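Chains A and B are the protein sequences, given in the same order.
Going by our numbering, the first residue of the first sequence is number 5, and it counts up by one from there.
Going by our numbering, the first residue of the second sequence is number 5, and it counts up by one from there.
Everything labelled a hint here was simulated from the structure, so no lab data went into it.
Quantities reported herein were computed from a predicted structural model and do not represent experimental measurements.
No copy is singled out in the list; a pair is fine if it fits within one copy or between any two copies.
Each computed BS3-like pair below joins lysine-lysine, with the alpha-carbon atoms no more than 25 Å apart:
| # | residue 1 | residue 2 |
| --- | --- | --- |
| 1 | K119 | K176 |
| 2 | K131 | K119 |
| 3 | K119 | K174 |
| 4 | K123 | K176 |
| 5 | K123 | K134 |
| 6 | K174 | K123 |
| 7 | K8 | K50 |
| 8 | K119 | K50 |
Protein chains: 2
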Amino acid sequence: MSTKHRIAQESLKLFNQYGLGRVGVRDIALYLKISPGNLSYHFPKKEDLVLYIIEEMISLNTVAFQTYLALSVPTLFDYLRLVKQLLLNNYQYRGITQEFVELSRILNIERFSYKEVEKSRLDIYIKIFKRLDTAKELQLNANDIAFLNSFMSLYGRIWVAEAFISFQHKSKSEIINYYLNFGARQFQLFATPKGKKSIRKFLETELL
Amino acid sequence: MSTKHRIAQESLKLFNQYGLGRVGVRDIALYLKISPGNLSYHFPKKEDLVLYIIEEMISLNTVAFQTYLALSVPTLFDYLRLVKQLLLNNYQYRGITQEFVELSRILNIERFSYKEVEKSRLDIYIKIFKRLDTAKELQLNANDIAFLNSFMSLYGRIWVAEAFISFQHKSKSEIINYYLNFGARQFQLFATPKGKKSIRKFLETELL
Chain A
5 MSTKHRIAQE
15 SLKLFNQYGL
25 GRVGVRDIAL
35 YLKISPGNLS
45 YHFPKKEDLV
55 LYIIEEMISL
65 NTVAFQTYLA
75 LSVPTLFDYL
85 RLVKQLLLNN
95 YQYRGITQEF
105 VELSRILNIE
115 RFSYKEVEKS
125 RLDIYIKIFK
135 RLDTAKELQL
145 NANDIAFLNS
155 FMSLYGRIWV
165 AEAFISFQHK
175 SKSEIINYYL
185 NFGARQFQLF
195 ATPKGKKSIR
205 KFLETELL
Chain B
5 MSTKHRIAQE
15 SLKLFNQYGL
25 GRVGVRDIAL
35 YLKISPGNLS
45 YHFPKKEDLV
55 LYIIEEMISL
65 NTVAFQTYLA
75 LSVPTLFDYL
85 RLVKQLLLNN
95 YQYRGITQEF
105 VELSRILNIE
115 RFSYKEVEKS
125 RLDIYIKIFK
135 RLDTAKELQL
145 NANDIAFLNS
155 FMSLYGRIWV
165 AEAFISFQHK
175 SKSEIINYYL
185 NFGARQFQLF
195 ATPKGKKSIR
205 KFLETELL
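Isolated chain A (complex conformation) (with noise of 0.2 Å):
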């Protein structure tokens, strides 16, 4: 692991526990026991740190979609697990995920298009539902598929912060079944028999 990697693991490690505006390059160095100057060589502001630390995750995320659409088959077991990598890379990177306030006000600053990102995503759901409706797991209209957009818009990015302010003394394996519990029962309400069948395999087996 490369010293710029491991500084950014271990900053990720201080902003889940305290908070991404109560962890100044001080507190890193710090806590790394490498000089500022060491800190500052890898990244000149905090801002470059989590803008790293970000990009690491929609790579996760990015490699998690991919490796669900080289599936021939599409499968709600198969979207629902996706969904679950998706929601453990966000609780992974909640120090950040969190605050998207001052997450949002770095990656402007870091001119980073968190548009194309969102145009991206947007795009890859769309393919995502007509796959599943055509493998006849869903079944949906025009606006069911833009009903499930809005719905994984927020669930999928912006549960996290109703974990922060509801669930903050929930354990990691209790907050996450309970949003799988949540993602899976709205899929069911669009889903065949078949599909049906899916989203009870998924929640008999794939629960943390």
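With chain A held as given, fit chain B onto it using these hints.
Just chain B now, kept in the frame of chain A:
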């Protein structure tokens, strides 16, 4: 209007425009053309001011719930009008409600029990959904009620977080209408033909 109330109103304008974290007590005194001493007479700390403002919003929401519950015949039309009022309140106080990480910190410092508000809202939603089921506007089993609670808990509170990320440059009416359409669609999935008519009427007459 009391001086205290006027200070709160004007401060909220600043928070909405610049963000909670970027507006300090000195900025507020300067903007209001009052002395820092006069400001701190009314609100010793910024936290006191934020608490005052957020309690104002919670009261407005309580009034909206009570007004709805006072109706003798529960309909989805009136329920969606309630949702609209809650969205509008949340939007009006967005400078604070969007920054829930900072808000949580302040509420903790002030020993404000948000858990109680949360619990009371949950009880109200259960009551609302059961009444709408009895009135044959919705058709719900116990699982459906739990699901709609999860939905309202995420959608009804956390949409402002998503709006901050994704809709920063959209107008108020575009944002509110987007979420009203989205929310209406969720309830449509559980609506009886009578309930569906009620939703249609809302969408035809009550969007901004």
